[in-house]
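Residue numbers (the numbering used here), protein chains in the order written: chain A, -10 to 253; chain B, 234 to 511; chain C, 116 to 393.
Hints are computed from structural coordinates only; laboratory data are not their basis. Quick reminder that beta carbons are idealized off the backbone N, C-alpha and C, glycines included. Don't take each hint at face value.
To be verified - The calculated label-pair distances, taken between Cβ atoms and stated as ranges, are:
{"no.": "1", "chain 1": "B", "residue 1": "Lys240", "chain 2": "C", "residue 2": "Lys278", "range": "43 to 51 Å"}
{"no.": "2", "chain 1": "C", "residue 1": "Ser137", "chain 2": "A", "residue 2": "Asp41", "range": "54 to 62 Å"}
{"no.": "3", "chain 1": "A", "residue 1": "Lys115", "chain 2": "B", "residue 2": "Leu273", "range": "56 to 64 Å"}
{"no.": "4", "chain 1": "B", "residue 1": "Leu255", "chain 2": "C", "residue 2": "Arg291", "range": "28 to 36 Å"}
{"no.": "5", "chain 1": "C", "residue 1": "Lys278", "chain 2": "B", "residue 2": "Lys505", "range": "49 to 57 Å"}
{"no.": "6", "chain 1": "A", "residue 1": "Ala222", "chain 2": "C", "residue 2": "Gly172", "range": "52 to 60 Å"}
{"no.": "7", "chain 1": "B", "residue 1": "Phe261", "chain 2": "C", "residue 2": "Thr216", "range": "30 to 38 Å"}
{"no.": "8", "chain 1": "B", "residue 1": "Lys240", "chain 2": "A", "residue 2": "Asp41", "range": "45 to 53 Å"}
{"no.": "9", "chain 1": "A", "residue 1": "Asp152", "chain 2": "B", "residue 2": "Met497", "range": "52 to 60 Å"}
{"no.": "10", "chain 1": "B", "residue 1": "Lys505", "chain 2": "A", "residue 2": "Lys120", "range": "51 to 59 Å"}
{"no.": "11", "chain 1": "B", "residue 1": "Asp235", "chain 2": "C", "residue 2": "Tyr280", "range": "30 to 38 Å"}
{"no.": "12", "chain 1": "A", "residue 1": "Pro96", "chain 2": "C", "residue 2": "Gly172", "range": "46 to 54 Å"}
{"no.": "13", "chain 1": "A", "residue 1": "Glu188", "chain 2": "C", "residue 2": "Leu133", "range": "40 to 48 Å"}
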Amino acid sequence: MKKASAVLLAAAGLVVFGCSHPEHKTITLAGSTAFQPFAEKLAEHYMAAHKDVRINVQGGGSAVGIQSALSGSAEIGMADLLKLPDEAASLNSVTVARDGIGIVVNPKNSIVNLTKQQAHDIFAGKITNWKEIGGIDSPIRVISREEGSGTRRSFDKLVLGEDKLSASALFQNSNGTIREAVASDANAIGYVSIGLINERVKGVSYEGVAPNNDNVKKGIYPLARPVFFLTKASLNQQTQDFIAYVLSKEAQDILEKEGLIAVK
Amino acid sequence: MDKIISKLLFLAATSSTAILALIALFIFKEGVPIMAKSGLAHFLFGNEWRPLQGMFGIFPFIVGSLWITAGALILGVPLGVCCAVYLAEFSPKKWANILKPAIELLAGIPSVVYGFMGVMWLAPIIRTHLGGPGLSILAASCVLAIMILPTIVGVSIDAINAVPKSYKEGSLALGATEWQTVWRVILPAARSGILAGVILGMGRAVGETMAVIMISGNATIIPNNMLDSVRTLTANIAIEMGYAIGDHRQALFATGVVLFFFIMGLNMIALKFSRRKF
Amino acid sequence: MRISPAITQRLAKGVLILATISALGVLIFVIGFVLAGGFRHISWSFLTEPILDMGRGGGILPAIAGTILMVFVAIGIAAPLGIASSIYLAEYTEEGRVTQTIRFGINCLAGVPSIIFGLFGFILFVVILGFGWSIISGGFSLAAMILPTIIRTSEEALRSVPKNYRDVAASLGATRWQVVTRSVLPYALPGILTGVILGIGRSIEETAVVIFTAGSAVQMPKSLFDSARTMAVHFYILAREGISNENAYATAAILICTILIINVFAYSLMHRLMRGKS
């Protein structure tokens, strides 16, 4: 019994002890899951050079990014949206990168190009079989992101316009899971950040233009949206420094290498 | 001194109830306003879930939860009860002592591992042999059937063991075979305990989240058959929570309120059937 | 025509054995699949290096640390509270309206699905109390989740203590608290520890609660106010996002080994307790 109570006491002690606030400077980023892996990468590099700074990167989604920047629970909110909503008006926003959205199908699928109209009709549920656009006779499985995702909002606006997404669409809650779902289902179609297209899925051309960063940069591939960092008006020094780093050539090169489009 | 200790222990003992009350308070506080705003009937029986357009109908998710749970019970209950009967009545004692904890170990495997296995193995098999997207009610039911197995087996074994030995001895002495004894005497006597296990398993199935997100495809429509993709109440919360603000977030908490009532109802039924004193 | 009872008996037994074998088959398949896929990629450096490149490279040390710290917080709160609750219920009170209410709370809390604990922890600890996504928030939420398990198991352990242990101590003039600490608790300790170990296991395998309340930071946590991911969360993210199947399997293999060890340990403790009784 003595031993057990000693263990418990030690545990309680740890809890109390652990409650003393940390010494290092912390920056919290929260928001867009599409940008989260890139932010983690930048944080990894930044912390390697700045041992006294600690950067927490949280996902949550673009809406959470806006929310947590507003509430102060994160110094930096990340959002990947075509247009920032009204509630973000009081925040400072800086575009740190741009990200293309590629429509992806299974590598077994023979389709290589979609017109704007075809893409619209597929995601709106008007075209429901691959044979209608020259593929095999199989039902089309539309996979989308869930409501509220920045990628989803941008994609809906760019491709669907005012129309509703197909009622029978399946949902996955991140870019990576859409990719995995499309990779395992020969009849699936979805959309992911261009940087995430790999050998497991096939990126199809949109209006004859291949989904790659060069084409986004040239302005001929239209499916792209900016990634914003949102902050309150007054910023502490370490956050300012980190944002400056993200906009520096070094960081922008990293983003470019990882598959995003630099803004500088 | 003893009085103070007694008071402190009493305080500790009330903590569970206090936590339960806190949970209800916070979930309700966040969720109930939106239910009132969009109308309870609309919220519960609306077919359209388009949170950004202010349409919060969770009926497809209620249906989804029920389908998946029903499927899990149809697959899991016979299997679980059979296991329990074998381990409690037929298997050599030595085996039962090893096999019962082994099956209980199924409960210790993280649900995400089951979900992942389902995605890797089950969904492709269903897709190629039966059609549909693979990520479906059937796949989710199979995975959940396995996840609720330990609960059903564990509680059923306890229920069977609680049947007085004299019942069994009497039946055997009258010349009944072991199976006749199990079927006519022991199972009827253990019925309510087994039922409690089934309902607890049902609670687990309704409440499971991560595995279901991975394996059910999360479509927002009412399914037509076992091969369709559905979204459950739990999945709806977990999949959209990260992105939700304002009314949307409240609607997800309201989904939690519905889930909470659902589970509490099931628990109370299980308690009714349960022979155990707690 | 009637089938002879002997044949029915044999048939039934066959079905029961088949059911038991298939349940065990699933267990062996799941564990075997994960271990076979994972063991190749486990190395010393995998256990001791930081998570690099979103989990594609490096090891899982931060996830191991996150798991241990979060479990420590959860147990640090739930164990004292739970054991105190069970002492009150088993030793300090008579059955009545009060204990009925307390038990009702414990039973309901046990049935609350993890996603609800996640919502609750998110709103209370992360948002209202301002702990942010952190080990503290995660640990507190997990503590609420495992409390019923600990209370139930340790109450059972306390009740299994023979009555004469208490009578002897009490007749020597010991106060109730002295009776409990000197005679009852030492005897019930293995059973109580079993409950605590089960609580540890439950915390380790949980995903939904942790994602909602502790976030999923990849860095090594430096204080309890830092966000961290547990091994289960790390596995979920790696597998779900298709980041690295090798590392996902390796993480799952370590996770399952940990849970196996914990379960075997808990079971052997329980076994010792039961042997001691007979």
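Checked hints:
1. B:Lys240 to C:Lys278: 43 to 51 Å: Hint violated: Cβ distance 25 Å, outside 43 to 51 Å.
2. C:Ser137 to A:Asp41: 54 to 62 Å: At 57 Å between Cβs, range holds.
3. A:Lys115 to B:Leu273: 56 to 64 Å: violated, 35 Å
4. B:Leu255 to C:Arg291: 28 to 36 Å: Since B:Leu255 and C:Arg291 have Cβ atoms about 30 Å apart, the given range 28 to 36 Å holds.
5. C:Lys278 to B:Lys505: 49 to 57 Å: violated, 30 Å
6. A:Ala222 to C:Gly172: 52 to 60 Å: Hint violated: Cβ distance 38 Å, outside 52 to 60 Å.
7. B:Phe261 to C:Thr216: 30 to 38 Å: Check failed, 20 Å falls outside 30 to 38 Å.
8. B:Lys240 to A:Asp41: 45 to 53 Å: holds, 48 Å
9. A:Asp152 to B:Met497: 52 to 60 Å: violated, 41 Å
10. B:Lys505 to A:Lys120: 51 to 59 Å: Holds - the Cβ-Cβ distance for B:Lys505 and A:Lys120, about 56 Å, lies within 51 to 59 Å.
11. B:Asp235 to C:Tyr280: 30 to 38 Å: violated, 18 Å
12. A:Pro96 to C:Gly172: 46 to 54 Å: violated, 26 Å
13. A:Glu188 to C:Leu133: 40 to 48 Å: holds, 43 Å
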